[in-house]
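Colleague: Next come the chains, spelled out residue by residue.
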Amino acid sequence: MASRLQSLALDPKLLWIGLGGGLLSGLLGVGGGIVMVPLLVLWAGYAQRDAHAISLGAIIPISIAGIATYGVAGEVRYWPALALAAGSIVGARIGAGWLARIDERLLKVVFGTFLIGVAVLLGLR
Amino acid sequence: MSGPTLYVVLVAFGVVVGVASGLLGVGGGTLIVPFLTLAAGFSQHSAEATSLLVILPTAIVGSLALRSRGVGNLGLALRFGVVGAVASVLGALLALALPAMTLRLVFAVFVGGVGLKLAYDGLRGDTPSTAGDGGLRS
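Protein chains in written order, with this note's numbering: chain G, 1 to 125; chain E, 1001 to 1138.
Everything labelled a hint here was simulated from the structure, so no lab data went into it.
All C-beta atoms in this analysis are idealised placements derived from N, C-alpha and C, irrespective of residue type, glycine included.
Hints may contain errors.
Among the chain E residues that face chain G by a calculated CB cut under 8 Å, a handful are [unchecked claim]:
| id | residue |
| --- | --- |
| 1 | L1023 |
| 2 | L1024 |
| 3 | G1025 |
| 4 | G1041 |
| 5 | T1058 |
| 6 | A1087 |
| 7 | L1105 |
Coverage of chain G stretches by chain E, computed from C-beta distances (three or more under 8 Å per stretch; other residues unrestricted) [unchecked claim]:
| id | region |
| --- | --- |
| 8 | 12-21 |
| 9 | 37-45 |
| 10 | 53-67 |
| 11 | 87-99 |
| 12 | 103-114 |
| 13 | 118-124 |
Pair ranges (Cβ atoms, derived) [stated by the list, open to error]:
| id | chain 1 | residue 1 | chain 2 | residue 2 | range |
| --- | --- | --- | --- | --- | --- |
| 14 | E | M1101 | G | D103 | 34 to 44 Å |
| 15 | G | T113 | E | L1093 | 15 to 25 Å |
| 16 | G | G45 | E | G1003 | 48 to 58 Å |
| 17 | E | Q1044 | G | G117 | 12 to 22 Å |
| 18 | G | L106 | E | L1093 | 35 to 45 Å |
| 19 | E | P1099 | G | D11 | 25 to 35 Å |
| 20 | E | L1090 | G | L124 | 23 to 33 Å |
| 21 | G | G74 | E | L1093 | 13 to 23 Å |
| 22 | E | V1109 | G | I94 | 27 to 37 Å |
Required output: the full structure, derived from the provided sequences and hints.
Modeller: Structure, rendered in structure tokens:
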């Protein structure tokens, strides 16, 4: 496990998860993390904590692709985006600090609950 | 909501989104888009575009914070994400050709099932995937 994380080479499972997560993300307009984290844990066997960290990093290029292809220019409302980002940047540092320390069992429960909530939201929409 | 109140609420909601993003490794669009459409009256397209612009800096700041704590592997994650980025463009093109409602319901069931499994594993204390990673974060 440790050696795999230290390597930068993508193993085949990671390649498939990237393809699947990206495809669903583009297809459904939902975040890739919701797809990638469960697959990284349940299929590729990454530790829960590492799966969340890898997912967050992967969202950087995925969101750049989204911004580049979505036709963002005419539709973004910049002041609300700035206000949200001002808060979320502070929050991200707090959340990342928690991720570094949280008990992995608790993390599973929190994330599982979050996913159930997302499923309900998706079903209602 | 409008004016100063909206902006105060947006910053506060942004903190919540950021915490969720940093802790759970998600972008936060799942939270931002419904909030902007339901509470702030944005159109769906406008909410999604605005959300994308918030997700990027959030993911960067969260990832740098995790790297400085030695969690995960940012270089690997970025390579992994480039694959995902290419696929997401393909997915966006496919979305134009497929019935959205069906896809969404199938996906909702998938996400809900996975959530139940993870929560169950966590509550039961059964975390087979974490076995042997003791030295990983050192």
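Colleague: Holds or violated: the 25 to 35 Å window for the beta-carbon distance between E:P1099 and G:D11?
Modeller: holds, 34 Å
Colleague: Taking the closest Cβ pair, is E:L1024 under 8 Å from chain G?
Modeller: holds, 5 Å
Colleague: If you take the shortest Cβ to Cβ gap from E:T1058 to chain G, is it below 8 Å?
Modeller: Holds - the Cβ of E:T1058 comes within 8 Å of chain G, reaching about 4 Å at its closest.
Colleague: Taking a Cβ-to-Cβ distance below 8 Å as contact, does the region 118-124 of chain G have at least three residues touching chain E?
Modeller: Per the Cβ count (6), the hint holds.
Colleague: At the C-beta level, are G:T113 and E:L1093 separated by a distance inside 15 to 25 Å?
Modeller: violated, 33 Å
Colleague: Quick check on a hinted range of 34 to 44 Å for E:M1101 and G:D103, using CB atoms only.
Modeller: holds, 39 Å
Colleague: Can the suggested window of 13 to 23 Å be confirmed for the beta-carbon pair G:G74 and E:L1093?
Modeller: Holds, at about 20 Å.
Colleague: Could you tell me whether the CB distance from G:L106 to E:L1093 stays inside 35 to 45 Å?
Modeller: Holds, since G:L106 and E:L1093 (Cβ atoms, about 39 Å apart) stay within the stated range.
Colleague: Does E:A1087 pass the interface hint, meaning its C-beta sits closer than 8 Å to a C-beta of chain G?
Modeller: Given a least distance of 3 Å, the restraint on E:A1087 holds.
Colleague: Is it true that the C-beta distance of E:L1090 to G:L124 lies inside 23 to 33 Å, as the hint says?
Modeller: Holds - the Cβ-Cβ distance for E:L1090 and G:L124, about 28 Å, lies within 23 to 33 Å.
Colleague: Taking 8 Å as the Cβ threshold, is the statement that the region 87-99 of chain G is covered by chain E upheld or broken by the three-residue rule?
Modeller: Coverage by chain E holds for the region 87-99 of chain G (13 residues, Cβ < 8 Å).
Colleague: Does the hinted range 12 to 22 Å hold for E:Q1044 and G:G117 at CB?
Modeller: holds, 20 Å
In the structure shown, a violation is registered for the earlier hints numbered 4, 15, in ascending order.
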